[in-house]
Every structure is written in structure tokens, then in C-alpha cells.
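*Asks:* Model the full structure from these sequences, guided by the hints.
Heads up: the protein sequence lines correspond to chains A and B, in order.
All letters in the first sequence, in the order written, are residues 1 to 183 by the working numbering.
All letters in the second sequence, in the order written, are residues 184 to 599 by the working numbering.
These aren't lab readings, by the way, just hints derived from the structure by calculation.
For glycine and all other residues, C-beta sits at the position ideal for the given N, C-alpha and C.
Be a bit skeptical, because a hint or two may be false.
If the Cβ cut is set under 7 Å, some of the chain A residues that face chain B in the computed set are [claimed, not checked]:
#, residue
1, Ala2
2, Phe3
3, Thr27
4, Phe66
5, Met69
6, Cys126
7, Leu127
8, Cys130
Residue-level listing of the chains:
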Amino acid sequence: MAFTFTTEERQEIERILARYPEPMSATIPLLHLAQGRLGWVSPEVVDEVARVLELPRIHVADVVSFYTMFQRKPVGRHRISVCRTLSCHVLGGHEILEYLRTRLQLGEARSGTDPRGLFTLEEVECLAACGTGPVLLINGVYHEGLTVPGLKLLLDKLEGLDAPLIAPGSGGTDAAPGGPANG
Amino acid sequence: MAEFICFPALQSKTRAGLDAYLEDGGYQSLKTALDRLQPAEVAAEVKASGLRGRGGAGFPTGMKWGFLPKQTEKPVYLVCNADEGEPGTFKDRDLLRYAPHQLIEGMLLTCFAIGARIGYIYIRGEFLEEAAAVNRALDEARGAGLLGRDILGRGLDVDLHVHMGAGAYICGEETALLNSLEGRRGLPRTKPPFPAVVGLYGCPTIINNVETLAAVPPIVGHGADWYRALGTEKSPGTKLFSVSGHVERPGVYEVRLGTPFLQLLEEDCGGMKGGRRLKVLIPGGSSVPMLTAAEAATLKLDYESCLEHGTMLGSGAVIVLDETVSVPEVVRNLAHFYAHESCGQCTPCREGTHWMHTILERVLAGRGKSGDLDLLLDICQHVSFRTICALGDAATGPVKSGISKFRNEFEALVHA
Ligand SMILES: Cc1cc2nc3c(=O)[nH]c(=O)nc-3n(C[C@H](O)[C@H](O)[C@H](O)COP(=O)(O)O)c2cc1C
Ligand code: FES
Chain A
1 MAFTFTTEER QEIERILARY PEPMSATIPL LHLAQGRLGW VSPEVVDEVA RVLELPRIHV
61 ADVVSFYTMF QRKPVGRHRI SVCRTLSCHV LGGHEILEYL RTRLQLGEAR SGTDPRGLFT
121 LEEVECLAAC GTGPVLLING VYHEGLTVPG LKLLLDKLEG LDAPLIAPGS GGTDAAPGGP
181 ANG
Chain B
184 MAEFICFPAL QSKTRAGLDA YLEDGGYQSL KTALDRLQPA EVAAEVKASG LRGRGGAGFP
244 TGMKWGFLPK QTEKPVYLVC NADEGEPGTF KDRDLLRYAP HQLIEGMLLT CFAIGARIGY
304 IYIRGEFLEE AAAVNRALDE ARGAGLLGRD ILGRGLDVDL HVHMGAGAYI CGEETALLNS
364 LEGRRGLPRT KPPFPAVVGL YGCPTIINNV ETLAAVPPIV GHGADWYRAL GTEKSPGTKL
424 FSVSGHVERP GVYEVRLGTP FLQLLEEDCG GMKGGRRLKV LIPGGSSVPM LTAAEAATLK
484 LDYESCLEHG TMLGSGAVIV LDETVSVPEV VRNLAHFYAH ESCGQCTPCR EGTHWMHTIL
544 ERVLAGRGKS GDLDLLLDIC QHVSFRTICA LGDAATGPVK SGISKFRNEF EALVHA
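*Replies:* Have a look at this one:
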């Protein structure tokens, strides 16, 4: 699927470029901009960022593969990133992870997307919120001091909110390019 | 008791805007400096204060600034390290959220002192809300003539920009950060040359942690002697400690350096969670050697006491673990972190961190072999100080200290 930056995004790109003496510095900011709209970094995003910055495609692809926040596969509608590092772990982070793996029916996999393509689970390292663990991000928003019952309510609500959205043309799950991915 | 002397905003934890900051005397240090001081005098005050880098290495800040070339045709850059990735550390997050103007004022004073006209604030990619707070503060400062051209009509030109990372602990290492800021993979560079000589875009660059830069306004405002008197001879001033784990009241506390650890634990953190007993203390972030409860009992929170106890103050990330934890499990958890975060550039670190994790996995799964503990210690020997950056050595901290201080717990697993 082709990807081109919109007119508004092009204006934002001008503002970004003005901050740096060298356009290569805009590589990560532009990838964030694209992923913010698309939900992941598709090969076409790599092409577009390389074209706009006049950089070799391999440079952009190389950068994408280095940073864990860039998703190289389509993800479910809601991306859940759970901290697995020490302080969260000892405060019950592993129970949160177990609960999510069961709820998302991931089987043996440690991370991945549920069969409906609604939630993608990933384990991440310390999110710098260790004093309020266990911590996780849902679509980039911090949720701290979580318990399993609290998380259950949160996800039930997200599922509920999603129900009407799945109607055709409203940007529901089927709008996620390539559908759910496991990995 | 925690006092919040240099960072009052962390006590109230309100997201104060420019007006509130000005009301509390904010930007006064900048005004004073621009009116009465030469750049070299600001640098001299910071040097005299004895301020040490709060990002982990504890390098004297004034001395670092002094490494800049005296004469240069090239622009000088200031970079604020807000990557905050060391497990256990969450103090910079509070500074970004609650004290963004203090950070900006600190960066302006630093730019004035070192002759930089552009500064970047490299914020870890997950900190969206924190970056928004900083961007809001930058807009306010620009609107009030505190940023941009001819700041406060005193002829200083400085602009500051936020740059977001994208998930990579290694980008907290200063030269990896520079590569990342230039738009590359975050691979550390060999030193020398040091960033002060060849840094961002090949130009002289000073990199300091958020807390280091935010400490500059109170130092310039009250003077070096005032700051020194807050701490000890070798560890002047105050420091933020991020306390996590099994305590009643985790959080970020500003403490006079030299304060006994037990005082922080009992008075500020309300003691151990559920009244259980302390088993392990990691005083300076996941990379520093762990201490037993007996060692922790005599620890003071300063650079020299940490050294005497065979550990480091690091970023001030105090991880408190009680008797319910299994030390091998703790070590395995951290080994996973380093294996995952090694950038892969140096073979000893790339291979060593993975082997350490793999062996610990098998030990914990009850499939350990009798030589495994010595093998782990042997791998540590082959990783430490054989790599471009300090990540590899950091990875050995928990393994070496865990096995040497709690060997029986590991033995029990291997011989189960
Ligand atoms: C693997 C690694 C990770 C680091 N992560 C951070 C970090 O997240 N934040 C930080 O300020 N310094 C970090 N540092 C230390 C920086 O390299 C550097 O010493 C520091 O930013 C200098 O600022 P300071 O002198 O004000 O402390 C890290 C170092 C290493 C080796
Ligand atoms: S350990 Fe989970 S946020 Fe730091």
C-alpha cells in the first residue's frame, strides 16, 4: 500500500527540518510521524521517509530495525507494552503478563496479537516509572500501579468502546493494513 | 528527611506554568548571570560547587565543560540527556513533568557558560506526556523573550529543541545518543575523541543529564558555597533518589548527599513494605553491584560511601528488595535486560550478555550444570572493560555481586 505524507504532515516536516543543520537528524522524527498515523512502519513508509530526506533507503531501514518502538509488522488496534524489568516484576508485573497472555489467547507465545486483531501484547524493558509499578502502556499512554482486576476493567472498556467502531467504514479492525499479525 | 531544596517543584508535584515559576523566583539566576557575570564566571561557579554528573558516571560537571576547545570555528552544542533508561531510575521524568522551566533555565545558563546557541533535549520515545510538558514550557519561554534571539534584551541567542528517541537503552550512553540524534542507529563511538572536542555533527558538544542541568540555576542563584554545604566534602549538594521495590512509599526524594540509607528508607519511604525484612539493596540503578542488608545498614547515600561498600551511586536509583525475592531470579531478570539492550557492536558484550542470560535461564529451570556459576563469573571477566562503552561492564554488576554474595541460593538451584 502506497504511503505519502499529507499536506499537513509536510508542513510539520518543514518545522522538524528547521531544527537541525543536517536533514538526516529528521529520520527518527519522520518515522514517528508516519507510525503515528499508520500504526506501524511499512516498507512504503521507509520509501517515503528516504525520498523526503533524500537518504538511501537502506539507511532508513537500518534505523527502523534498531529501535524497538518502531513496529515492522501491522499491530492490533490497541498496542499494549508491559514492563518486564525488575522493579515492576517484583510488584506483580509477571502476573499482569500472565493475565494478558491468557486473555489474548497467545498460547505459548510471549507476545503477539489476539485472534480478533484487537490487542497486541509486547514485553518492554524499564519504562522509567518504576516507583508506580507494575507499569504498562496502552497505545503509548502510561497506566501505573496496575492490578489484574484493574487491567481487566480497562480492557473490557476498550473492547466495549470498540464494538460499535467495528462497523464498516469507521476505521475498525479491518482497517488495520494486513490484518492481525502474530510475532 | 527529604527536603526538596534544589527541586521544590518535585515536592508539590504540580504542573506549574511559567507564571508560577517566575513567582517563585524562576529565571532570576539567568537574569543575574546575564547582568553581572561573564560566561567564564558561571562556569567557575559550577566548577566550584563540585556538582557531579547525575546521569550515572558522576563526572565533575565543571571539569567536563572545561574540556571544550578554547578557540573553535565550529558551533558548540549542548545536549540534555533525558533518555532515562537505567532500570530503577524515574527522577528525570518528574523533572520534565514538574520542573521543565528549571531545566530550561539550567540549559540557558549552561549555553551562556559554554557558548552554545543550540541545545537539544533528547527524551526517551515513550515520554510523550513529558515531552509535551517540555514543549509547552519552551513555547511559553519563547513567548516571554526567554528563548530565541536576544534573550531578555541582554544579547544572548539560544534555541532549544526536543528530540524524541525510539526505544533503546543504549541511546542513554552519550556517544550513542549523539549518533541517534544525528539520525543513525544508536551505536556508541570510541573515545577519544570525547564529545567535548568532536561531538554532535563533529562539533564540540557538552552532554549532561536532566538533573545535572536543572541543578545549575540554584547553584548560580545561591552560590557554590551554599551548594557545597548541603552535602559532604567529596559529594557536594543534594541528589534525587528514585526509590522503587518493596517499600511502603516509593517515589522520588531529594536528599542531602551523605544521608544514611536507612534514614531514607525509614523516614521518607515509610520502611519496608508490610514490615518484611530487607534482603537486597541496589543503590544506584541496575548496573551497580547489589548489597546485602548488613552492608546496606552502614551505607550513606554519597559517592564515597558507595565506593567503600564496593558499589556505586550511579543514577541514584534505589531498588529495595525484601526477603520474598530469589536472588538468582533477580539476576536473571537483569541479565535479560542487558542481553536485550546490547547494541551488538562489540563481540564480548553481544555474546557475553546473551550467554549470561542463557545460562541463568537454564540454572533457574533446574537444568544448571555444576560448573555454571564459575562459567558465569568467567564470562564477566571477558566482558568487563573489553568493549567500546560501559554497557557490557554494567551487565556484569548484578551477576558478579549476586553470585558472590548469595552463592548458596545459586548452588541450591544447580544441585537441586
Ligand atoms: C549503557 C549506558 C546507558 C546510559 N544511560 C543514561 C541515561 O539514560 N541518562 C543519562 O543521563 N545518562 C546515561 N548514561 C551516562 C551517559 O553516558 C553520560 O555519562 C551522561 O549523560 C553525562 O551527563 P552527566 O555528566 O550530567 O551525568 C548511560 C551510560 C551508559 C554506558
Ligand atoms: S522497572 Fe518497570 S518501569 Fe522501571
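*Asks:* Now look at each hint and say whether the structure bears it out.
*Replies:* Here is how each hint holds up against the structure:
{"no.": "1", "hint": "Ala2", "in the structure": "24 Å, violated"}
{"no.": "2", "hint": "Phe3", "in the structure": "18 Å, violated"}
{"no.": "3", "hint": "Thr27", "in the structure": "4 Å, holds"}
{"no.": "4", "hint": "Phe66", "in the structure": "4 Å, holds"}
{"no.": "5", "hint": "Met69", "in the structure": "4 Å, holds"}
{"no.": "6", "hint": "Cys126", "in the structure": "4 Å, holds"}
{"no.": "7", "hint": "Leu127", "in the structure": "6 Å, holds"}
{"no.": "8", "hint": "Cys130", "in the structure": "4 Å, holds"}
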